[in-house]
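**Student:** Read top to bottom, the protein sequences are chains A and B. Each residue of the first sequence is one higher than the one before, starting from 1 at the first, in the UniProt record's numbering. Each residue of the second sequence is one higher than the one before, starting from 1 at the first, in the UniProt record's numbering.
Hints were generated in silico from the structure; no laboratory data involved. In this text, a Cβ means the ideal position worked out from N, Cα and C, and glycines have one as well. A couple of the hints might just be wrong.
Interface residues of chain A toward chain B, partial, derived using beta-carbon atoms under 8 Å [claimed, not checked]:
{"id": "1", "residue": "76"}
{"id": "2", "residue": "108"}
{"id": "3", "residue": "114"}
{"id": "4", "residue": "118"}
{"id": "5", "residue": "121"}
{"id": "6", "residue": "122"}
{"id": "7", "residue": "139"}
Okay, the calculated beta carbon distance ranges per label pair [as the list claims (entries may be wrong)]:
{"id": "8", "chain 1": "A", "residue 1": "225", "chain 2": "B", "residue 2": "112", "range": "47 to 53 Å"}
{"id": "9", "chain 1": "A", "residue 1": "303", "chain 2": "B", "residue 2": "201", "range": "35 to 41 Å"}
{"id": "10", "chain 1": "A", "residue 1": "62", "chain 2": "B", "residue 2": "201", "range": "22 to 28 Å"}
{"id": "11", "chain 1": "A", "residue 1": "225", "chain 2": "B", "residue 2": "3", "range": "21 to 27 Å"}
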Amino acid sequence: MTIIEETAGSPAPDASRDADRPLLEVRDLHVEFHTRDGIAKAVNGVNYSVDAGETLAVLGESGSGKSVTAQAIMGILDMPPGRIPQGEILFRGQDMLKMSGEERRKIRGNKIAMIFQDALSSLNPVLSVGYQLGEMFRVHQGLSKKEAKAKSIELMDRVKIPAAAARVNDYPHQFSGGMRQRIMIAMALALEPDLIIADEPTTALDVTVQAQVMDLLAELQREYHMGLILITHDLGVVADVADKIAVMYAGRIVETAPVHELYKRPAHPYTKGLLDSIPRLDQKGQELYAIKGLPPNLTRIPSGCAFNPRCPQAQDVCRTDVPPLFPVTERDGGALAGRGSACHFWKETIHG
Amino acid sequence: MGRYVARRLLQMIPVFIGSTLIIFCMMYALPGDPVRAMMGDQAYDPAVVASIKKDLGLDQPLLQQYVNYMTGLVQGDFGTQIASQRPISDVITDAFPVTIRLTIFAFTFVTLVGIGLGVVAGLRPDTLRDRGLLTLTLVLVSMPSFVLGFLLQYLLAFKWSVTTPTVTDSTDFGQLALPATVLASLSLAYVARLTRTSIAENLRSDYMRTAVAKGLPRRRVIGVHLMRNSLIPVVTFLGIEIGSLMTGAIVTEGIFNVRGIGIEIYEALTRREGATVVGIASLMVLIYLAASLIVDLLYAVLDPRIRYA
Chain A
1 MTIIEETAGS PAPDASRDAD RPLLEVRDLH VEFHTRDGIA KAVNGVNYSV DAGETLAVLG
61 ESGSGKSVTA QAIMGILDMP PGRIPQGEIL FRGQDMLKMS GEERRKIRGN KIAMIFQDAL
121 SSLNPVLSVG YQLGEMFRVH QGLSKKEAKA KSIELMDRVK IPAAAARVND YPHQFSGGMR
181 QRIMIAMALA LEPDLIIADE PTTALDVTVQ AQVMDLLAEL QREYHMGLIL ITHDLGVVAD
241 VADKIAVMYA GRIVETAPVH ELYKRPAHPY TKGLLDSIPR LDQKGQELYA IKGLPPNLTR
301 IPSGCAFNPR CPQAQDVCRT DVPPLFPVTE RDGGALAGRG SACHFWKETI HG
Chain B
1 MGRYVARRLL QMIPVFIGST LIIFCMMYAL PGDPVRAMMG DQAYDPAVVA SIKKDLGLDQ
61 PLLQQYVNYM TGLVQGDFGT QIASQRPISD VITDAFPVTI RLTIFAFTFV TLVGIGLGVV
121 AGLRPDTLRD RGLLTLTLVL VSMPSFVLGF LLQYLLAFKW SVTTPTVTDS TDFGQLALPA
181 TVLASLSLAY VARLTRTSIA ENLRSDYMRT AVAKGLPRRR VIGVHLMRNS LIPVVTFLGI
241 EIGSLMTGAI VTEGIFNVRG IGIEIYEALT RREGATVVGI ASLMVLIYLA ASLIVDLLYA
301 VLDPRIRYA
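Pulled out of the complex, with its shape left as it was, chain A reads as follows (with noise of 0.2 Å):
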């Protein structure tokens, strides 16, 4: 078990449950958003948690609800259309929706930050980086500007950004890809917060940036001890860095899983789907496996699995319920820590 270093300042809510307790639990979750084609369901009961020092890998496609779900994490959904129907998420047991505006605000950038996946639109063009670092420690902490440029110079250095002090007046727009996503992470890490959110923070870049990316990421992660929910549709990506992976389909979770056991042995068609899409070296010549259609608008999602419909193993009961999330165990029935799988066929699908 980890104790978890308070920061001076903060609150410390009952600290011996605090240590049994996940650093983020999200129970029950659903967003909906209301538009002119109807009810969009883009999450649709889903739970996850992460510990300090744990990192969760959310896999999905686009529409998936996994950005949705993380944005209701941070609190910066658009509402209206937006609107959060049920649902709990719980930080350091405390319910997040629960709290007043200003409460929320506080928590966000100081214990919970995010990093988005465009860091050219992300960061204001107008404002210097340093300003915009900078700004973390003035508005959290009170530093007034020459103290809030020196603890911006101190974290571009941090990050690995070549010849910080004299870079940091300058925009956003004279860095590179992979500086600027730097930019991102340090803006996140400012102010050590316990836990960060980073949605696809290497899609827009390219693959020798990425892994310098990821690996800056995993080892500030390691140093802070912080939390990490990393949202990508990259699966080797999330081999490297994750411990637990959830996979979304359609607003749902579908398999939970620590990484490699993933990997090893998928217990949902879905995942299995993926991983077989993955292009492999030694099936080199062999036409490669795509899974069949498209995901299903989130105004009519199927009855039944949401997966039904482009599953090779669907069955009837498949267009009927709703499959809940099993929990996966071997096939003597001896258990499978932190496994599930919302499929009926879960036991056909892992141990074939």
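Fit chain B to the known structure of chain A by using the hints.
**Tutor:** This is chain B only, laid out in the frame that chain A set:
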């Protein structure tokens, strides 16, 4: 930066020569001439008219007249009005401050009220107050300024006696308020719409989401992050509007009898006083050019992505 400014200042010379030449030619192309206009309806002896024209150099070819005029202008001589025999530089120094006061008044109004309304509407797009502003500005844009001018003059001055119908003392800001409002109305509508669109668009941008995710207070998110970006196109527009306000003053000054360059240029036009029209118009061209240079420089200050070498 210095080189850029120098280049822009040098570019002003051909623009200035070209625009004065065009205005000069247009005055020449108009039917009638200043000497005949001075005679009015009286019967006149063509020989007398011809001799006066010869004295004034008006019998020379157009290009020669232009060269004569420009030679005088370079030496600081704007020429003399034919009818009143007043030096044109005196006419300008009398009338210009009046128009400047009116323009500054209207410009301040446009900036404060236009941006204010735009921000209020843009922060809540597609709500009642946003729709209300769009309708109001649509009315202002589609109403000619003389209609609005006479309407307000009738209601405020004659019917309710809130203000004087015409301006007798241009240093009295109370009297200038009504003409300034009328003059400002069109620009105000454009500025409000531009600000509203810019705010509503930037509100949805990724960096705004970042600013919220950083845990900044709403005041700061809007005041620093949103406004800095949204006002860039508005500032550009405002700079150009200084020129339009001065030219728009011609109609407004007529309605409210403000003795500014608008009335002078109008009277000079009816009397075919080419030198006066060209003199005042050239001055406006210069103001336009200076305003657009300042706007371009300001643009670089506001948006670091733009750098002049």
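**Student:** So, for every hint listed, does it hold in this structure?
**Tutor:** Structure-based check of each hint:
no.	hint	result
1	76	holds, 5 Å
2	108	holds, 4 Å
3	114	holds, 5 Å
4	118	holds, 6 Å
5	121	holds, 4 Å
6	122	holds, 4 Å
7	139	holds, 5 Å
8	225(A) x 112(B): 47 to 53 Å	holds, 52 Å
9	303(A) x 201(B): 35 to 41 Å	holds, 39 Å
10	62(A) x 201(B): 22 to 28 Å	holds, 24 Å
11	225(A) x 3(B): 21 to 27 Å	violated, 54 Å
Comparing the model with each numbered hint stated earlier shows that hint 11 is the single one that does not hold.
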